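There are 2 protein chains.
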Amino acid sequence: MNEIKIFAPATIANLNCGFDVLGCCLDGIGDEMIFRKTAAKGIFITKITGADLPYETHKNVAGVAALAVYETQNCDFGIEIEIHKKIKAGSGIGSSSASAAGAVFGVNELLGKPFSKNELVAFAMKGEALASGSEHADNVAPCLLGNFTLVCGYNPLNVVAIESPKELFAVVLHPHIEVKTADARAVLPKEILMKDAITQTGNLGGFIAGLYANDYELISRSLQDVMVEPYRKNLIPNFDNVKNVALQSGALGSGISGAGPSIFALCKGKSIAENCSNAMQKSFTETGISFDIYISEINTKGVEIIN
Amino acid sequence: MNEIKIFAPATIANLNCGFDVLGCCLDGIGDEMIFRKTAAKGIFITKITGADLPYETHKNVAGVAALAVYETQNCDFGIEIEIHKKIKAGSGIGSSSASAAGAVFGVNELLGKPFSKNELVAFAMKGEALASGSEHADNVAPCLLGNFTLVCGYNPLNVVAIESPKELFAVVLHPHIEVKTADARAVLPKEILMKDAITQTGNLGGFIAGLYANDYELISRSLQDVMVEPYRKNLIPNFDNVKNVALQSGALGSGISGAGPSIFALCKGKSIAENCSNAMQKSFTETGISFDIYISEINTKGVEIIN
Numbered sequence: 077m078n079e080i081k082i083f084a085p086a087t088i089a090n091l092n093c094g095f096d097v098l099g100c101c102l103d104g105i106g107d108e109m110i111f112r113k114t115a116a117k118g119i120f121i122t123k124i125t126g127a128d129l130p131y132e133t134h135k136n137v138a139g140v141a142a143l144a145v146y147e148t149q150n151c152d153f154g155i156e157i158e159i160h161k162k163i164k165a166g167s168g169i170g171s172s173s174a175s176a177a178g179a180v181f182g183v184n185e186l187l188g189k190p191f192s193k194n195e196l197v198a199f200a201m202k203g204e205a206l207a208s209g210s211e212h213a214d215n216v217a218p219c220l221l222g223n224f225t226l227v228c229g230y231n232p233l234n235v236v237a238i239e240s241p242k243e244l245f246a247v248v249l250h251p252h253i254e255v256k257t258a259d260a261r262a263v264l265p266k267e268i269l270m271k272d273a274i275t276q277t278g279n280l281g282g283f284i285a286g287l288y289a290n291d292y293e294l295i296s297r298s299l300q301d302v303m304v305e306p307y308r309k310n311l312i313p314n315f316d317n318v319k320n321v322a323l324q325s326g327a328l329g330s331g332i333s334g335a336g337p338s339i340f341a342l343c344k345g346k347s348i349a350e351n352c353s354n355a356m357q358k359s360f361t362e363t364g365i366s367f368d369i370y371i372s373e374i375n376t377k378g379v380e381i382i383n
Numbered sequence: 077m078n079e080i081k082i083f084a085p086a087t088i089a090n091l092n093c094g095f096d097v098l099g100c101c102l103d104g105i106g107d108e109m110i111f112r113k114t115a116a117k118g119i120f121i122t123k124i125t126g127a128d129l130p131y132e133t134h135k136n137v138a139g140v141a142a143l144a145v146y147e148t149q150n151c152d153f154g155i156e157i158e159i160h161k162k163i164k165a166g167s168g169i170g171s172s173s174a175s176a177a178g179a180v181f182g183v184n185e186l187l188g189k190p191f192s193k194n195e196l197v198a199f200a201m202k203g204e205a206l207a208s209g210s211e212h213a214d215n216v217a218p219c220l221l222g223n224f225t226l227v228c229g230y231n232p233l234n235v236v237a238i239e240s241p242k243e244l245f246a247v248v249l250h251p252h253i254e255v256k257t258a259d260a261r262a263v264l265p266k267e268i269l270m271k272d273a274i275t276q277t278g279n280l281g282g283f284i285a286g287l288y289a290n291d292y293e294l295i296s297r298s299l300q301d302v303m304v305e306p307y308r309k310n311l312i313p314n315f316d317n318v319k320n321v322a323l324q325s326g327a328l329g330s331g332i333s334g335a336g337p338s339i340f341a342l343c344k345g346k347s348i349a350e351n352c353s354n355a356m357q358k359s360f361t362e363t364g365i366s367f368d369i370y371i372s373e374i375n376t377k378g379v380e381i382i383n
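Sequences listed follow chains A and B, in order. For reference, each letter of the first sequence is one residue, going 77 to 383 in the numbering used here. For reference, each letter of the second sequence is one residue, going 77 to 383 in the numbering used here.
Chain A on its own, in the form it takes in the complex:
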């Protein structure tokens, strides 16, 4: 195998009840990347479309992540990478994570798969660190593994993938405004009420139980955020209204995707997702801000080779 093309999907992190620990993988929205063996050793970024990103390997999220995997092996060849970005930077649906996860997956394939997808999470975090300043896994894990993922801890890194109930769909509305992750972090308090922490643990526990038990009612009740949303929602125009119409349209839950500005809704079944998408569009149109909106099944495979 000298050349492969891969699909690196978009992801939703946090999902209301799982700030910094929970994520899920989307379908149909994602980057494409091509990896090609070269005689010269090293990692080379040779083409970038869809975004204005640096070609220097050490300054590029995909480059840094790719190098982390590449340097574990004593290769007699190099790898060149084409990056075709479809996920907009700063959208809140894991743009940098898709680059990082895609890069480690593609390089690992050309190296003969020395690592499992689960092991690749730690390498992808190196790319994330370049993008956000800290190594976190809540987007790269679902991008690599598919389904829902829970980051149970970092010392040592411990990621669990949990199969999605079959009928779950996500709606994602991406407003064309920039919310910097640093700003989204800055509005959060350092301390929270013990009672809110208890509520949030109960919600996350309920959500995980709901996934295993295919209990949509439990999933719905658990999709609440008392820790982060109250502080971040003011960064997103018309957030409360968009969320409310999503819930009124039958969504199981709705909230901020990652650090925002994207707003997601989880729905049982495609027709509810479509109603929900229509209502969210209509509500957000009031802001006069342009946006994209997607409906997606939960991606059960994660990053993969395509033709």
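Source of the hints: derived by calculation from the structure; they are not laboratory data. These numbers were taken from a predicted model, which means no experiment stands behind them. In this text, a Cβ means the ideal position worked out from N, Cα and C, and glycines have one as well. All the pointers check out, no bait thrown in.
Far from chain A by the CB rule (all over 12 Å, computed), these chain B residues:
1) Thr122
2) Lys123
3) His160
4) Gly188
5) Ser192
6) Lys202
7) Lys242
8) Lys309
9) Phe367
10) Glu380
As a list, the in silico SDA-like pairs of lysine to any residue whose alpha-carbon atoms are at most 20 Å apart:
11) A:Lys271 to B:Val302
12) B:Lys271 to A:Asn231
13) A:Lys266 to B:Glu267
14) A:Lys81 to A:Gly188
15) A:Lys271 to B:Leu269
16) B:Lys271 to A:Ala205
17) B:Lys256 to B:Ser210
18) B:Lys271 to A:Leu264
19) B:Lys266 to A:Pro265
20) A:Lys271 to B:Ala205
21) A:Lys271 to B:Val263
22) A:Lys271 to B:Pro265
23) B:Lys271 to A:Tyr230
24) B:Lys189 to B:Thr114
25) A:Lys266 to B:Leu269
26) B:Lys266 to A:Met270
27) B:Lys271 to A:Arg261
28) A:Lys256 to A:Asn314
29) A:Lys266 to B:Pro306
Add chain B to chain A, keeping to what the hints say.
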């Protein structure tokens, strides 16, 4: 059916990662209660052994909980209750909860089962409120339902029972000292660090996933408490040493049972539980304080009728 005898098991609440939301049900340790129909209407407590408790229905935890169920029906008979306490008050393994859960279960049986066990949780909370001043469900839920239970929320009350992996055993060491629940509450801060709340949600999520997936390693990694144990452990003599020897003996995790003073350990398999019990006993003996120690499977049935 005019008379029944029931077993109301002891329970462990909190279990490190699930403060105020998680609990599990023990086997072999619990109260016995007898319920008998009477011609006179009302709830009457006619015999109490093993503890010095009030006979007045309105002042007795079992009485208050029993009345809550009894008064929902228009009965032409009353019920008298004998309470044979085996679980010591203030032990941290759900003594008042066993009284409350046993009472609602027994009365419900004699009334012809108008309520499911899950519905009975809310009534048992009325008894808990008399004991602790607030309605909480983290001990009454596992006592009624068996296995592990997660209280996902109170408005509305939402309790999920999760089957225990087959080989799980609990060791409980009960030091004969009193830790008042009010004191155990008073040492807790009102606010905690956001980063600790994130760690705790990851731990609880991991624990729930571990139960569903029968993943003992994940269960073990998740049995950590960064929210409560650091504050409460000083109320329990030699806590750190007892916990450490439990972990060294192969326990999956160890911590404070409920508000203490009991110390629990969860183990995979009976022989590890026995080693663990021996080590914990030996370590606690250094304090010169008397204690009881139990080894128990996880009770999968909860409160039940016995002969």
